[in-house]
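Student: Chains as they are written, first to last, in my numbering: chain A, 1 to 152; chain B, 1 to 237.
Each hint should be verified, as a subset may be incorrect.
Once the Cα atoms are required to be at most 30 Å apart in a straight line, the calculated DSS-like pairs of lysine-lysine come out as [as the list claims (entries may be wrong)]: (1) B:Lys44 to A:Lys78; (2) B:Lys88 to B:Lys187; (3) A:Lys27 to A:Lys78; (4) A:Lys149 to A:Lys78; (5) A:Lys27 to B:Lys30; (6) A:Lys149 to A:Lys132; (7) B:Lys80 to B:Lys187; (8) B:Lys30 to A:Lys78; (9) A:Lys7 to A:Lys149; (10) B:Lys86 to B:Lys201; (11) A:Lys76 to B:Lys30; (12) B:Lys88 to B:Lys201.
Quick list of the computed label-pair ranges, beta carbon to beta carbon [to be verified]: (13) A:Ser96 to B:Asp146: 22 to 30 Å; (14) B:Asn131 to A:Arg63: 53 to 61 Å; (15) B:Pro54 to A:Ser10: 37 to 45 Å; (16) A:Ser96 to B:Leu24: 30 to 38 Å; (17) B:Asp56 to A:Asn23: 51 to 59 Å; (18) A:Asp40 to B:Gln209: 41 to 49 Å; (19) A:Pro58 to B:Glu156: 55 to 63 Å; (20) A:Leu26 to B:Gln209: 22 to 30 Å; (21) B:Ala153 to A:Ala24: 36 to 44 Å; (22) A:Pro58 to B:Lys44: 30 to 38 Å; (23) A:Ser77 to B:Phe84: 32 to 40 Å.
Don't read these hints as lab results, they were simulated from the structure. Since we're looking at a predicted model, the values are computed, not measured. Glycine residues also receive a C-beta, built at the ideal position from the N, C-alpha and C atoms.
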Amino acid sequence: MLPQEIKTASVQETEAVGAQLANAMLKDLSLPPFVALYGDLGVGKTAFVRGFASVIAPAALVRSPTFALVNEYRGKSKPLFHFDMYRITGEDDLYSIGYDDYLARDGIALVEWSENIPYALPERYLRVEIIKDDQEDPDSRIITIEERKSLC
Amino acid sequence: MLIFALDSTAVVGSVALCRDDTPLASFTVKNGNTHSETLLPMAKALFDVTGYTPDDVDVFACSEGPGSFTGVRIGVATVKGLAFGKNKTVIGVSSLEAMARNLLPASGLICAVMNARRGQVYNALFHANGNELTRLCPDRALAATDLETELLARGEPFYLVGDGVEVTTSAFQSLTPLPVASIAAEKNALGVAACALRLYKEGMRTTDQELSPTYLRLPQAERERLEKEQAKKGSEQ
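With the sequences and hints as input, model every part of the structure.
Tutor: Here it is, written out as structure tokens:
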């Protein structure tokens, strides 16, 4: 199934792509439980997470953890850790949000602004990039999903 | 003298009750980082099976770091809570010294390591003479490869102990540590109690209010900070 490039035309469609990925991960347990999200402010990363969470943790109220830095959603079988690295500037910050402690638990991590933590990505992860592709249509997006290996 | 000791700085959580240097009971759990769920039930069981209550304890002890951020905070907060208002001695010890102490009565160089992730370890070196430890360096964070360079320079056989043994040995290119029984790394609350007893005998009488977590700066973070400061200086000139 991967890599994949999907065009969406609305927030709802972006959510649906998130839900699709969650279903794929439930089916294929060989996929790494770490989703690194890339994309500009307002591009729909949280919408993607909302769709993803609707499958893994249906009761969760998904909000961007810009200030909380990490939200934990209780899932049906696994917890979901929703990180926002926008304000993370180094390893000390990462340590003090318990990043490694979360990853040591048997859950799924969704990490917004993974741009900020290239040195801390796990050995294998799923890279999801959302970009605006059309100046004329402000709701149109291209979402690419691929499996990556970290450099470290 | 009754010592209650607790360690939750790594994946293993453990509690112990000792009469001076004699262990009365200890519990260890290793089922993921769920110290907030396991420590208090283990402490309760410890008191239940020994017939003591927290009021009987003379010294409360815990490892105050280094280690996992969440684990260190849970351990310190739990001991603070147990000792609160009891006007008892509360002693915080180094998690690295606690695990090194578990190897006594060994003799020789002891290298205590905890996994600090991404190729880095928390480490301290000790010399053991059969019944006591001499600390050779402060607790620190460094790359496992740098630790090997330092151990090579020392050129003596060494014991490796702690939850960082696996990452350390896999990072080492040429060094092989002396064999250690695997159980030694997992009875850490007993090591904490032994450290606290030594400090108590030396006259330490700290309270619950003085107990606080010890965090070590990771070398990479230090590097980033220096780079930023230098960049700032450069732009000011």
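Student: I'd like to know which numbered hints this structure contradicts. Please list them from smallest to largest.
Tutor: The structure conflicts with hints 15, 20 and 21, although it agrees with all the remaining ones.
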